[in-house]
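> Chain by chain, the residues:
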Amino acid sequence: MTWQLWLELHLHFCMLSLLAVGGALAIVPEMHRYLVNELQLLSETAFSQSVTLSQIAPGPNILLVAVMGWDIGLQAAGGFESGGVAVVTGLLLALSLLIAAVLPSSLLSYFMVKWLQLHQHALGVRAFKAGMLPLVMGLMLSAGWLLQTASNPTMDWRLLLICAASMLIVLFTRIHLLWLMLGGAVLGAALGL
Amino acid sequence: MLAVVQREMVDRKQWMTLSEFAEEWALAQTIPGPNVVNLAVMFGGKHFGPTGALAAMSGLLLLPGLLMVSIVFAFQAFAHLPVVASALHCMGVVAAGMVMAAGWRFWPTLKQHPLGWPLALLLMVASFGLAAVVHWPLAKVIGVVGLVSCGLTWWRLQAKARS
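For the protein sequence lines, the chains are A and B, in the order given. Basically the numbering used here = 1-based index in the first sequence + 28. Basically the numbering used here = 1-based index in the second sequence + 146.
No lab work stands behind these hints: they were computed from the structure. All C-beta atoms, glycine included, are put in the ideal place defined by N, C-alpha and C. Hints are not guaranteed to be accurate.
Ranges between beta-carbon positions, derived for each pair [to be verified]: (1) 31(A) x 308(B): 42 to 50 Å; (2) 149(B) x 183(A): 41 to 49 Å; (3) 116(A) x 257(B): 48 to 56 Å; (4) 166(B) x 220(A): 30 to 38 Å; (5) 143(A) x 251(B): 23 to 31 Å; (6) 73(A) x 268(B): 16 to 24 Å.
One-sided and incomplete, this derived list gives chain A residues near chain B with beta-carbon spacing under 7 Å [said to hold, decoys possible]: (7) 58; (8) 107; (9) 144; (10) 159; (11) 162; (12) 165; (13) 215.
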């Protein structure tokens, strides 16, 4: 992978960091558009796996950026067959994109917290917060929908049903998400979906 | 994630009270970026300056990040097996349901929206359509829908404050 592409990815994620109002899930649709549709660095399957695995593993959601960086770096350097070079490239790109995704927003948090604490009841701040809410919801629902289509490109009705069931279970029960994920894995393997 | 952070910081370590936590969390959500990371940076920075912020941030990301890459590594090594591929497909749609549920959790707040819920819902549907169907870049979605939404909300709040 060329250093120009590396730089472009890094800078794009720096920008996304500042656009991530509402958290990491809100930028998932953009990562899909940019990495899968536009640059075609990630396949739908790789995208689906990155987001899915980041939901299983402990830690903040933003770590899915590291998984995507790992995938892109590994593939660009020739995959597992190329051995150590590919693994190192994957790890370095994972670290680089993760830093890009958290550093600008962290700097903003660090320097803005005092100002925000003073002005949190100001009209402008309240308007921003309330005004962004419909957008954040729409983006998170888009993230889920894009993940559904990436994991289920043929629109198998059984998978659609499982997706809807999973959403309802999360909304209406207090079951731990890991159990839900495990149930999904067993069901998928058993039915050969 | 929120529940774990709250339990650790409020109940177990007793670094802050519940109401302090709620306030910090609201601030962390207002600033762009991953919420939990923002919270960690604010908390670390408040008590120990830049080094505290950096320590909190790296503590939150480095070890889980390595763990995450190892999990991915393990899955990818077996992803060619049909059984693992099926399991991953199905886990993908389960995770999709979870993500959509995380978005829908804000519905009670949206119902109380200053713009009234029908207009807020319309703005939500618009941003869904633009991001998931039309595939607009995020900057454009925020620039158009975000500006309209924040502008209208600002105008509405101001009118309310006056009356």
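> Hints first: check each against the structure and report whether it holds.
Right, here's what the structure says about each hint:
no.: 1; hint: 31(A) x 308(B): 42 to 50 Å; result: violated, 56 Å
no.: 2; hint: 149(B) x 183(A): 41 to 49 Å; result: violated, 34 Å
no.: 3; hint: 116(A) x 257(B): 48 to 56 Å; result: holds, 50 Å
no.: 4; hint: 166(B) x 220(A): 30 to 38 Å; result: violated, 51 Å
no.: 5; hint: 143(A) x 251(B): 23 to 31 Å; result: holds, 28 Å
no.: 6; hint: 73(A) x 268(B): 16 to 24 Å; result: violated, 34 Å
no.: 7; hint: 58; result: holds, 4 Å
no.: 8; hint: 107; result: violated, 10 Å
no.: 9; hint: 144; result: holds, 5 Å
no.: 10; hint: 159; result: holds, 3 Å
no.: 11; hint: 162; result: holds, 4 Å
no.: 12; hint: 165; result: holds, 5 Å
no.: 13; hint: 215; result: holds, 6 Å
Comparing the model with each earlier hint shows violations of hints 1, 2, 4, 6 and 8; every other hint is respected.
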